[in-house]
Amino acid sequence: MSKGKFGIHGGQFVPETLMNAVNELEEAYNKYKNDPEFVAELDKLMREYAGRPSLLYYAEKMTNDLGGAKIYLKREDLNHTGAHKINNCLGQCLLAKKMGKKRVIAETGAGQHGVATATVAALLGLECEIFMGKEDTIRQALNVYRMKLLGAKVHAVETGTMTLKDAVNECMREWTNRVEDTLYVLGSVMGPHPFPTIVRDFQSVIGKEIRQQLMEKEGRLPDTVIACVGGGSNAMGAFYDFINDESVELIGCEAAGLGVDNPKNAATIANGTLGIFHGMKSYFCQNEYGQIAPVYSISAGLDYPGIGPEHANLSDTGRAKYVPVTDEEAVQAFEYLSRTEGVIPAIESSHALAHCMKIAPQMSKDKIIVVNLSGRGDKDVAAIARYRGEDIYE
Amino acid sequence: MNDIKKAFENGKAFIPFVTAGDPDLETTEKLLIAMSENGADIIEIGIPFSDPVAEGVVIQEADLRALASGTTTDKIFDMVKRIRPQVKCALAVMTYMNPIFVYGTDKFMAKCKECGISAVIVPDTPFEEKAELAPDCDENGIELISLIAPTSHDRIKTIAKEAQGFVYCVSSLGVTGVRSEITTDIKEMISLVKSVNDIPCAVGFGISTPEQAKKMSESADGVIVGSAIVKLVAEYGRDSVEPVCEYVKSMKDAIR
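Residue numbers (the numbering used here), protein chains in the order written: chain A, 1 to 394; chain B, 1 to 256.
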């Protein structure tokens, strides 16, 4: 029987060599997720190491400038390592430790998940190897050095398009090669069951905190929650707690690169079709023969040809909607938030900000938007400078 | 008797793999005919995929060369259908779930039947997900080959009970590719299969030399070789028919 379904999406499409490994992970997760000791340990790490809860910040200048809905930013950029990725890494690495694994491997796009995995591996005393597309090691050279500083071995993946999807391919291959003592710490709500569920659960702290913090500040739920979507972990984390609150509109922002009509984009819901790849049934950018398309975005973290199966289902049911945002719109939002609020957002998160900037002025002043600011933008400064024609060194 | 069953009646079966369209379909066409005349009992035709996660670098590169030369699933089916009468052995298709699913699983299996292909091997579709393929395979009389791996342990019997055609025993951890040594207890894996189902077992992953093939065939009913052949195709390109045939012959002779 197929497991881990979200509507028609999900499943476990992996080589037989990995089946016992994913089953073992599922068993361990079910055992520990409600284990008081595990929960307490994770909670302590979240508070005292990652710095949770992250702030829910009222962006007053931005709100006034745009002249519409009240805008709050969920400051995942203030977590240790500068992004939401640490939430999942703490959970999965602690799980790896409980399972008696000695080694973790992970893929990374922008480098944020790689840095977070290397960080937690250092803390918990696990060996760590990171797979990163060669193209991305160039775009995000600082993060490569960070991972090395943290004691991880970084492999530059030179197959295929040399980006995130190829890093995932290589991680799967490495896992089949050494499965006994190794856990694959998948960075997004994608891949074979149980990963989409595990990653969503560890990230769902974001939405839970938004609810609680907004209740304290405004005494009510938000009208709209906006997050960027590559594989979709920060968005799933922000959305999950609100899925049953029908009044809360959920919007995922996909990377449209040079535009949805230009082949250089990564907008999976806008342009993708149903397929089965990377362990899951979901939507993928691909051709009529099921060959996966070489996608593009200025953001290495959103440069992925698929989307997590739970998002695919939220799109099917209409519970969440997904909108494309171009490179240019994201860069403008990146610059806007830096200037307006003194906060430099990750280029990934800037896709969500860009959509907020489009819709906030059309909404009345008594409406509330929460944008999940999934990461900080320091890593992107050099790339944005180059985009604007200034050739600076990192 | 069906083609797959017949393939195991000629001593131990030799099962070569070739990536269709590498370096072009004209070469693949010649290879299929020539391999069937030089000792192949079943030929695995690889339909190239952009992201073959179970393959080592040799077959990954072959897939990319094949796609770059304009190979598509339809062109492969057209070629196989045209030359099928000249190919003297059974044929199986090896590809990933996505190229089948996006083509339309029902349409894909009907095409296999039309082209005289007897079986499909889909390495990223394990036992739990076989419902995605099995109904359309059954409908068209295509055998869905089950894989077992060194990590399968207590899954082996469950998988073997429902297996069709032959069981593909993955010899080693990791992806496809030439290995100097195979340490897995293949004999044990095979005896678990045979304890619940009287079905041929063929071993693949990592086998390249006649010595290895001979050793494997002591416990297995057949030997599958992919990367070693694809390497020859990579080296000799359009002139690979002769070296590949010599190789196929030497392997079949070693296990006969």
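Treat the hints as calculated values from the structure; they're not laboratory data.
Remember, it's a predicted structure, so these values are computed and weren't measured experimentally.
Ideal Cβ positions, reconstructed from N, Cα and C, are used throughout, including at glycine.
You may find that some hints are simply not true.
Claimed, not checked - Under the rule of at most 20 Å between Cα atoms (straight-line distance), these lysine to aspartate or glutamate pairs were calculated in the DMTMM-like manner:
no., chain 1, residue 1, chain 2, residue 2
1, B, K30, B, D78
2, A, K321, A, E335
3, A, K3, A, E26
4, A, K5, B, E132
5, B, K107, A, E288
6, A, K134, B, E61
7, A, K208, A, E158
8, B, K75, A, E288
As the list claims (entries may be wrong) - To give a feel for the contact side, a few chain B residues facing chain A, derived at Cβ under 8 Å:
no., residue
9, F49
10, S50
11, Q60
12, P99
13, V102
14, T105
15, P123
16, L144
17, I148
18, A149
Discussion item. If you test the structure against every hint from before, which numbers come out violated?
Written reply: 2, 7, 14 and 16
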